[in-house]
Amino acid sequence: MWTMSLTEVQTVDVVKKQIGYKWRAYTGVFMSLVIIQLLGVLFSLNGSGSGGYGRTGYDIMVQYFSGDIIIVFTIFWGFLTALLFTTRAYREDDFSFITNRTSSTISTILFLFVISVIGGFTSLLSGYLLKVLTYILFPEGKTLLISNPEGPGVWIMGLVSVVLIIFMFSSIGYLAGMMIQWNKLFLILLPVLLFGSMTWLAQSGVMVGEYFYQFYFQEKNFILYVMKTIVSTTGLYTFAAFISNHLEVKK
Amino acid sequence: MILNTDGLKPIYIQVAEWIESEILNDNLKKDEKVYSQYKLADMYNINPATAAKGLTKLADEGILYDKRGLGKFVSTDAKQMIMDKRKNQTLKQLVNDLITEACNLEMSEKEILQMVRNAWKGETNESH
Amino acid sequence: MKAIKCKDLIKRYRRKKALDNLNLSIEENRIVGLAGRNGAGKTTLMKILAGLLKEQSGIVEVYGRRPFNNLFVSANTIYIDDQMNFPSPLTLIEILEEGQRFYYNWDHELALSLFNYFGFHPKQRHNELSKGKESTFNMIVGLASRSPLTIFDEPTTGMDAAVRKDFYRALLKDYLNHPRTILLSTHYLEEMEDLLEEVVLMHNGSIFFHMPMDDLKTYSIGLTGKRTVLEPWAQEKEIFYTHDTGVDDRYLVIKNNLSDKEVEDMKQAGIRFSPVSASDLCVYVTDEKGRERGVDDVFNRSADR
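Residue numbers (this note's numbering), protein chains in the order written: chain U, 22 to 272; chain H, 4 to 131; chain Y, 128 to 432.
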């Protein structure tokens, strides 16, 4: 006769299954990525800066286009997506099948990393789309395409930088989301604390935003930049995981 | 057989009684294997533990016997045992109930015996 | 090993004690019905067993391990209620395929056969289903998972009578082929009585009683007769329910520990006996409103005014 046997499972095994499950279930994430990057391209077409020179009969119009807006939009997308994953509906999706909080959190973080890579890669590709579009849309101008004058090595470094920054912002979103799930008060408290302290510090001469920008974005040493973002991201996710371990599902 | 789920009689007793009828009707002969608790549960849409209880009851009474690991089988004199049991218990109870009701209706012994006689005649005539 | 073990289990929500020193032990491979009024704590208990909620204090074990945040318990348990959440982009068939990927004992053939039998369309989505259809689909997931501990919390919500009947049959059939521990709560206890091996009745966050269904069905007995005739007999008996009908008729539910002699004498006195269903008894014993007339009282009072 058939007898029921109990199954011992490995966390790694369940995490793998959960990532696959998310990949198939959350196609909406990629839809929103496409939309947000197209929006980014559209905004970029406006030009990020321009200057005009007029001298001895010649008028020179110079317009700069850059893919920065696309990257900024993608970072924002990473933040929002992570925030979304902490909501009850998404966490309950996990618990409809085998999981515990650890495997749920790890699989979500790894999934967020995967989509950060995709987001980073496509945001760079969107940069090319932008270049092609400017070439088509402004045929009367002389378009100077500056494409990877430094070669593929630098391009890959750029990709890594973008991916890491998206991933870091996803960790911020994830932590914020978890704090809000833990106590709804944080929904108000977080922005108040963030902007409050920034304003307060600004009055005493410390520009947090500027410092943040310099600390991460203006880091010239690539290795140092990688270290900084990875350490920050790990710290943020660890804290979020700590909170999630205490959350109940299906109240 | 359809189980009577509204009656006072527990399901497992009804199952046991059904197996007894199968033995009386020679649908189950001596030393033949009786349906398993799972088969009975499936047939009657009941929990197998209930079916098992019915089988155990018959085994306790000696109507069935156990072959270790093989299931339950019909005892050699199962048929006689069932008939004796029904005469001494079931029929006796029915007669008691009959008398009680007759008393409630203030019938005399003579009247009720007459009724029994008539019914007996009707029954035996029909079968001819 | 016990499938479920709880000792002095306490769960408190902000205002209310949902579980209050609950003690329970359930053997493996039984179908157990969890009965009780709304708010008795059935859902809380089931969610704690499934590891979804965290107990405040006490011991809770599923196959010897504490369920909260436990991967082993999650892998060997499935919790099905009427508020199952599945990702909205997935079609019904895709959800079943995910189930197959996750659950080690999953029977996909069974899942697909039931899926077709109940007339689902592969491309349908979970949030497009009616309540009854949703419950039917969830039930398929619960059965196909073949989890050693399968928990159904109100699995029949919205199902019509025919589907409920099919569900009971499917549950029994699959249980006979693949015995496992099944814990289920339902508002249709009377429909499931014959399927259950044991009944656990919860009341105010603890276990009121836990007994085999066969015992429960004969645990009490209904007596009907003239009030004046019944009263002397009812003395020193444990009375679960009293209901007066007509001018001087009374219906009593008492503990069924009468001797043959007593039964005989009562019959002589014109008292009629009737069985009390397990579900009725569960309602009677957990009725806190004086065990007298129930909701009738409300209407009688307003009529007096």
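None of these hints come from the bench; they were simulated from the model. Hints are not guaranteed to be accurate.
No farther apart than 25 Å at their CA atoms in a straight line, the calculated lysine to any residue pairs in the SDA-like style are these [stated by the list, open to error]: (1) Y:K382 to Y:D392; (2) Y:K292 to H:A52; (3) Y:K132 to Y:R164; (4) H:K56 to Y:Y295; (5) Y:K388 to H:D100; (6) Y:K132 to U:E231; (7) H:K42 to Y:R273; (8) Y:K181 to U:F233; (9) Y:K388 to H:L94; (10) U:K38 to Y:R273; (11) Y:K394 to H:N99; (12) Y:K260 to Y:N197; (13) Y:K144 to U:N266; (14) Y:K292 to Y:D321; (15) U:K37 to Y:N197; (16) H:K95 to Y:I366; (17) Y:K300 to H:L94; (18) H:K42 to Y:K394; (19) H:K82 to H:Q17; (20) H:K42 to Y:K388.
According to the in silico footprint, chain Y covers these stretches of chain U (three or more CB under 8 Å from chain Y) [as the list claims (entries may be wrong)]: (21) 27-36; (22) 120-134.
Using N, Cα and C, we set each Cβ at its ideal position, and we do this for glycine too.
So, going through the hints one by one against the coordinates:
1. Y:K382 to Y:D392: Holds, because 17 Å separates the two Cα atoms, which is no more than 25 Å.
2. Y:K292 to H:A52: With Cα atoms ~20 Å apart, Y:K292 and H:A52 stay inside 25 Å; holds.
3. Y:K132 to Y:R164: Answer holds: Y:K132 to Y:R164 is near 22 Å, not above 25 Å.
4. H:K56 to Y:Y295: holds, 21 Å
5. Y:K388 to H:D100: Since the Cα atoms of Y:K388 and H:D100 sit roughly 13 Å apart, the hinted pair holds (cutoff 25 Å).
6. Y:K132 to U:E231: violated, 58 Å
7. H:K42 to Y:R273: Judged against 25 Å, a Cα distance of about 21 Å means the pair holds.
8. Y:K181 to U:F233: violated, 39 Å
9. Y:K388 to H:L94: Holds. Y:K388 to H:L94 sits at ~18 Å (cutoff 25 Å).
10. U:K38 to Y:R273: Roughly 18 Å between the alpha carbons, so the hint for U:K38 and Y:R273 holds.
11. Y:K394 to H:N99: Distance of about 11 Å is within 25 Å: holds.
12. Y:K260 to Y:N197: violated, 31 Å
13. Y:K144 to U:N266: Cα-Cα ~23 Å, so holds.
14. Y:K292 to Y:D321: Given pair Y:K292, Y:D321 holds - Cα atoms ~12 Å apart, limit 25 Å.
15. U:K37 to Y:N197: holds, 17 Å
16. H:K95 to Y:I366: violated, 31 Å
17. Y:K300 to H:L94: violated, 37 Å
18. H:K42 to Y:K394: violated, 38 Å
19. H:K82 to H:Q17: Cα-Cα ~17 Å, so holds.
20. H:K42 to Y:K388: violated, 38 Å
21. 27-36: Satisfied; 6 residues make the cut.
22. 120-134: holds (count 5)
Comparing the model with each earlier hint shows violations of hints 6, 8, 12, 16, 17, 18, 20; every other hint is respected.
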